[in-house]
Amino acid sequence: MLKNENSPEGRQPTTESEARIFVEDLEVAYATPSGSRVHAVVDFSLDIRRGEFLTLIGPSGCGKTSILKAVGGLITPDGGDVRIGDTIVTGPVPDQVAYVFQDFALFPWRTALGNVEVALELKKVPKAERRERAREALATVGLADAADRHPHELSGGMKQRVAVARALVSNCDVLLLDEPFGALDEQTRLVLGTELLRILESLGKTIIFVTHNLQEAVYLSDRVVAMSARPARIKEIIEVDIPRPRSPDIMVSEAFTEIQRHLFSLLYEESALAMNQP
Amino acid sequence: MSAVTFRRVGGEPQARRAVRPGGAGMSPVMLRVLTLAAVVLGWEVLARLYLQDSLFLAGPVAIVQAIPGTLSDPAVREALAITAGEFLLAFAIATIAGVLFGALLGATRRAFAPSRNLLQMAFSLPQVALYPLFVLWLGFGFSSKVVFGITHGIFPVLLGTMAATKMVDPNLVTSVRAMGGGRRTILRKVVLPSILPEVVSSLRVAAALTLLGVLLAELMVSVGGVGAMLHSLSSSFAPARLYALIATVCAAAIAVNLVLGFFERRLSRWRP
Ligand SMILES: Nc1ncnc2c1ncn2[C@@H]1O[C@H](COP(=O)(O)OP(=O)(O)O)[C@@H](O)[C@H]1O
Ligand SMILES: [Mg+2]
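Top to bottom, those sequences are chains A and B. Under our numbering, the first sequence is numbered contiguously, ending at residue 278. Under our numbering, the second sequence is numbered contiguously, ending at residue 1272.
Okay, chain A solo, but in the shape it has when bound (with noise of 0.2 angstroms):
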């Protein structure tokens, strides 16, 4: 539910047009069991460019998911507001933003093909009509095959890239991706980093990934957000100069690397404060 903004003070088109998701100090707390409260983000602001790719690194537990949540409208902030162009988030966007979460999140009594189409039942779209554009998604991840088969009969990978499809089949603008590849192997992993690069590069959608891991995180991003321990707080914006379309290869590039060790420098320190939080 996006609710119409039309303040006379709005952003000024100037430095902002371009911007697509905005985040102004977005603040969200938990209750715990004993009944006090905890703070998962603090004070957090962020602008997402159109069809940038954004991604938010920082020790488990700092409050990544929420953020997500939040823009998505899952979950009503504490304090501050998102926007997605010039609207607020009040409440799940589902026209707007399309979402992969880390377990995938399938239907296990349905096919693969089922999964992507439930999308678009959820938005009333023909029968007819569904099935094609769920073809069409699978197909897109190289799952043409497998629309027949249950989430049982499919490895961790092609799950994943089912889960991959039925964001995209709704075509909405913005995608959430909450450690996708989480769930899988190294090898498993790299692959598709590199399958899901190669398809997203060319639809130009404005994305926020989320991953623990540093290589991921340099060979997607245009910007990769260094994130504190809880209270998620940003350490450092990075901006990921290599150039486009990104093969393989770069992986191993002067630039690169730099990019990493860098990352991982932020990283390791928020990582040992973070284990030793409750």
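One should not assume that every hint holds.
Take a look, some chain A residues computed to stay more than 10 angstroms from chain B by CB distance [stated by the list, open to error]:
hint: 1; residue: R20
hint: 2; residue: D25
hint: 3; residue: D145
hint: 4; residue: N171
hint: 5; residue: E186
hint: 6; residue: V191
hint: 7; residue: T194
hint: 8; residue: E195
hint: 9; residue: P231
hint: 10; residue: E239
hint: 11; residue: S247
Calculated pairs, DSBU-like style, for lysine-lysine (alpha carbon to alpha carbon, straight line, at most 30 angstroms) [to be verified]:
hint: 12; chain 1: B; residue 1: K1166; chain 2: A; residue 2: K124
hint: 13; chain 1: A; residue 1: K123; chain 2: B; residue 2: K1166
hint: 14; chain 1: A; residue 1: K127; chain 2: B; residue 2: K1189
hint: 15; chain 1: B; residue 1: K1189; chain 2: A; residue 2: K123
hint: 16; chain 1: B; residue 1: K1166; chain 2: B; residue 2: K1189
hint: 17; chain 1: A; residue 1: K124; chain 2: B; residue 2: K1189
Beta-carbon label-pair distances, calculated as ranges [what the hints assert, rightly or not]:
hint: 18; chain 1: A; residue 1: S45; chain 2: B; residue 2: P1170; range: 25 to 35 angstroms
hint: 19; chain 1: B; residue 1: M1167; chain 2: A; residue 2: G35; range: 25 to 35 angstroms
hint: 20; chain 1: A; residue 1: D185; chain 2: B; residue 2: L1031; range: 40 to 50 angstroms
hint: 21; chain 1: A; residue 1: E132; chain 2: B; residue 2: A1092; range: 37 to 47 angstroms
hint: 22; chain 1: B; residue 1: A1163; chain 2: A; residue 2: N276; range: 29 to 39 angstroms
hint: 23; chain 1: A; residue 1: E132; chain 2: B; residue 2: N1117; range: 44 to 54 angstroms
hint: 24; chain 1: B; residue 1: A1163; chain 2: A; residue 2: D185; range: 29 to 39 angstroms
hint: 25; chain 1: A; residue 1: D78; chain 2: B; residue 2: G1182; range: 20 to 30 angstroms
hint: 26; chain 1: B; residue 1: P1170; chain 2: A; residue 2: L273; range: 25 to 35 angstroms
hint: 27; chain 1: A; residue 1: H212; chain 2: B; residue 2: A1252; range: 55 to 65 angstroms
hint: 28; chain 1: A; residue 1: G35; chain 2: B; residue 2: P1170; range: 19 to 29 angstroms
hint: 29; chain 1: A; residue 1: M275; chain 2: B; residue 2: T1108; range: 34 to 44 angstroms
hint: 30; chain 1: B; residue 1: G1182; chain 2: A; residue 2: D86; range: 19 to 29 angstroms
hint: 31; chain 1: A; residue 1: R149; chain 2: B; residue 2: V1249; range: 40 to 50 angstroms
Since the hints were made in silico from the structure, they are not lab data. All C-beta atoms in this analysis are idealised placements derived from N, C-alpha and C, irrespective of residue type, glycine included.
Using the hints provided, position chain B with the ligands relative to the given structure of chain A.
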């Protein structure tokens, strides 16, 4: 043939052969059928040899011969109709109420553990001991029998639905919310399909227990229905007729179980 191959591998085949049940390459189904046939045959032989004109026991052939006659008796038909009606009503109510409240309790985090403990305790009580209270409150007739059926059948449905609802994948719920689904969509597209196999499997137990409840009530108060008829037949010295009625009831119970089992298998085909 395979024995030759086995011998080549050394010590292992001995162990493998030892754990094979039944031996002689017989399939489990075959084994079951043969066992049953042996029991029936032995029973018939014993009945012919020792139980001619017995007042308490009948052989299988006599029982089968008595079934058509028994089933065409209007009194028996009426009893069967009464019991079937009571059973169906009790089973329907146990199913609907059990699924509704089970889903509600399963979805409410705080209510789950306390209510499950309470229900498990109640489930373990011998309800037969409480039947006089049912009669006291509801009388001898239809309602006390139906309610007794419900109180027997509802526990497995409640407990099964609760457990299944608690196991619904929260990520799937989040995902449907992100795709624009509201409460009703979540219920229809996530909760119901997730819990269905478990619910139907609990219904198999519930059907047996509901029938037990209804028959127990009829046996105890002896007012109408198959239970009451069994009660009177048991002291009427017409064993073939008694056994024919018992066989009919058993066949009906097995049929219900088979139908539900069929649905259960169909509904859980997606499970690994
Ligand atoms: N539903 C919730 N209830 C209570 N605490 C939560 C909830 N979700 C997240 N948290 C807490 O908020 C912090 C940030 O969580 P999250 O945003 O999932 O971090 P990340 O995705 O970076 O691992 C964590 O410490 C986590 O324990
Ligand atoms: Mg997370």
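Taking the hints in turn, this is what the structure says about them:
no. : hint                                   : result
1   : R20                                    : 18 angstroms, holds
2   : D25                                    : 24 angstroms, holds
3   : D145                                   : 19 angstroms, holds
4   : N171                                   : 13 angstroms, holds
5   : E186                                   : 23 angstroms, holds
6   : V191                                   : 24 angstroms, holds
7   : T194                                   : 25 angstroms, holds
8   : E195                                   : 22 angstroms, holds
9   : P231                                   : 22 angstroms, holds
10  : E239                                   : 29 angstroms, holds
11  : S247                                   : 32 angstroms, holds
12  : B:K1166 <-> A:K124                     : 29 angstroms, holds
13  : A:K123 <-> B:K1166                     : 28 angstroms, holds
14  : A:K127 <-> B:K1189                     : 16 angstroms, holds
15  : B:K1189 <-> A:K123                     : 13 angstroms, holds
16  : B:K1166 <-> B:K1189                    : 16 angstroms, holds
17  : A:K124 <-> B:K1189                     : 14 angstroms, holds
18  : A:S45 <-> B:P1170: 25 to 35 angstroms  : 30 angstroms, holds
19  : B:M1167 <-> A:G35: 25 to 35 angstroms  : 28 angstroms, holds
20  : A:D185 <-> B:L1031: 40 to 50 angstroms : 44 angstroms, holds
21  : A:E132 <-> B:A1092: 37 to 47 angstroms : 42 angstroms, holds
22  : B:A1163 <-> A:N276: 29 to 39 angstroms : 37 angstroms, holds
23  : A:E132 <-> B:N1117: 44 to 54 angstroms : 51 angstroms, holds
24  : B:A1163 <-> A:D185: 29 to 39 angstroms : 33 angstroms, holds
25  : A:D78 <-> B:G1182: 20 to 30 angstroms  : 23 angstroms, holds
26  : B:P1170 <-> A:L273: 25 to 35 angstroms : 29 angstroms, holds
27  : A:H212 <-> B:A1252: 55 to 65 angstroms : 59 angstroms, holds
28  : A:G35 <-> B:P1170: 19 to 29 angstroms  : 22 angstroms, holds
29  : A:M275 <-> B:T1108: 34 to 44 angstroms : 35 angstroms, holds
30  : B:G1182 <-> A:D86: 19 to 29 angstroms  : 26 angstroms, holds
31  : A:R149 <-> B:V1249: 40 to 50 angstroms : 44 angstroms, holds
Violated hints for the displayed structure: none, as all numbered hints are satisfied.
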